[in-house]
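Engineer: Here's the letter readout for the chains.
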Amino acid sequence: MTESFTPLTSAIGGGLIGLAATILLATMGRVAGISGIVKNAVFERNMDNRWRWAFIAGMLGGAAIIFWITGAAFEPRTDFPLGWTLVAGVLVGFGTSLGSGCTSGHGVCGAARTSRRSITATIIFIGTAMIVYFILRHALGVVL
Amino acid sequence: MKTLLSASLAGALFGAGLVISELSNPVKVLAFLDVTGEWDPSLLVLMGTAVLVTAIGYRLVTRRAQPLFEPRFYLPDATALTPQLILGAALFGIGWGIAGYCPGPAMTGLVFAVAEPWWFVGAMLIGFGWHRSVSSR
Numbered sequence: 198m199t200e201s202f203t204p205l206t207s208a209i210g211g212g213l214i215g216l217a218a219t220i221l222l223a224t225m226g227r228v229a230g231i232s233g234i235v236k237n238a239v240f241e242r243n244m245d246n247r248w249r250w251a252f253i254a255g256m257l258g259g260a261a262i263i264f265w266i267t268g269a270a271f272e273p274r275t276d277f278p279l280g281w282t283l284v285a286g287v288l289v290g291f292g293t294s295l296g297s298g299c300t301s302g303h304g305v306c307g308a309a310r311t312s313r314r315s316i317t318a319t320i321i322f323i324g325t326a327m328i329v330y331f332i333l334r335h336a337l338g339v340v341l
Numbered sequence: 014m015k016t017l018l019s020a021s022l023a024g025a026l027f028g029a030g031l032v033i034s035e036l037s038n039p040v041k042v043l044a045f046l047d048v049t050g051e052w053d054p055s056l057l058v059l060m061g062t063a064v065l066v067t068a069i070g071y072r073l074v075t076r077r078a079q080p081l082f083e084p085r086f087y088l089p090d091a092t093a094l095t096p097q098l099i100l101g102a103a104l105f106g107i108g109w110g111i112a113g114y115c116p117g118p119a120m121t122g123l124v125f126a127v128a129e130p131w132w133f134v135g136a137m138l139i140g141f142g143w144h145r146s147v148s149s150r
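Just so you know, the sequences run in chain order A and B.
Under my numbering, the first residue of the first sequence is numbered 198, with each subsequent residue one higher.
Under my numbering, the first residue of the second sequence is numbered 14, with each subsequent residue one higher.
Okay, chain A solo, but in the shape it has when bound:
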């Protein structure tokens, strides 16, 4: 285990995310699934997407404020290979669209509702990510 374990800030962050998900359900009746919110906001012209854009704007604003207050809580990564970034981005976009959700929609909101689909998806994407990490970094020794 590493010394960078941060249970307190992780728990605070998790609490805020849970509170945010609760507020969105209480007011709009919507699940806080980021992949769905962003995908629909960008691609679906026939929906009323104003609340989705408001959510996205709030998310970027909240992130910027905390990042600024904490004097850059962490140093953003800049040296990751561009090719791998793009491949990963396409896989995450296609996969979350095909699988109807990501870490927030399945991993938080769906798991909180004890949805069988969401719990299955969460186990699969976390497991797959750990296996891919191992294959790339430990077995093949590529990607930093």
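Hint data in this document are derived by calculation from the structure and do not stem from the laboratory.
Every value quoted in this text rests on a predicted model; they were computed, and no experiment measured them.
Built from N, CA and C at the ideal position, the CB exists for glycine as well.
Hints may be right or wrong, so weigh each one.
[As the list claims (entries may be wrong)] Examples of chain B residues lying across from chain A (beta carbon under 8 Å, computed):
# : residue
1 : Leu22
2 : Gly24
3 : Leu31
4 : Phe125
5 : Ser149
Go by the hints and put chain B onto chain A.
Structural biologist: Structure of chain B alone, referenced to chain A:
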């Protein structure tokens, strides 16, 4: 107006949570995925807390007949474990394991004044559009 304010408040808390917990930091995420190396279990605490608070919050909220500003709750009602769900989750996991970004943290990365999250989000939108075009045929 009330709806937009409440959606942006929820978004702001969500974005703040992602940065405070450092889920927005792909280096931290990759350390969580490195179970055979210098494993950092922080994300487990984050997800556990988020699920717990959401579960309590959802339970309280759904006692009401409807949300404050909408006629009904829009909760997914599918229950079948489809090939799409399984394959989609696996493809997402591959991408997550490569770069350490899932959609929310990648979006918050857009405000960190570095290029990487912009490339990632651009590629992610291509992925969304690609799936949308093949599934609507």
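Engineer: Now, for every hint given, state plainly whether the structure supports it.
Structural biologist: We went through each hint and held it up to the structure:
1. Against a cut-off of 8 Å between C-beta atoms, the interface hint on Leu22(B) holds, since the closest Cβ of chain A lies about 6 Å away.
2. Interface hint at Gly24(B): satisfied, since its Cβ lies 3 Å from the closest Cβ of chain A, which is below the 8 Å cut-off.
3. The restraint placing Leu31(B) at the interface with chain A holds, with a minimum CB-CB distance near 6 Å, inside the 8 Å limit.
4. At about 4 Å, the closest approach between the beta carbon of Phe125(B) and any beta carbon in chain A falls short of 8 Å, and the interface hint on this residue holds.
5. A cut of 8 Å between beta carbons decides the hint on Ser149(B): the least distance to chain A is about 10 Å, and the hint is violated.
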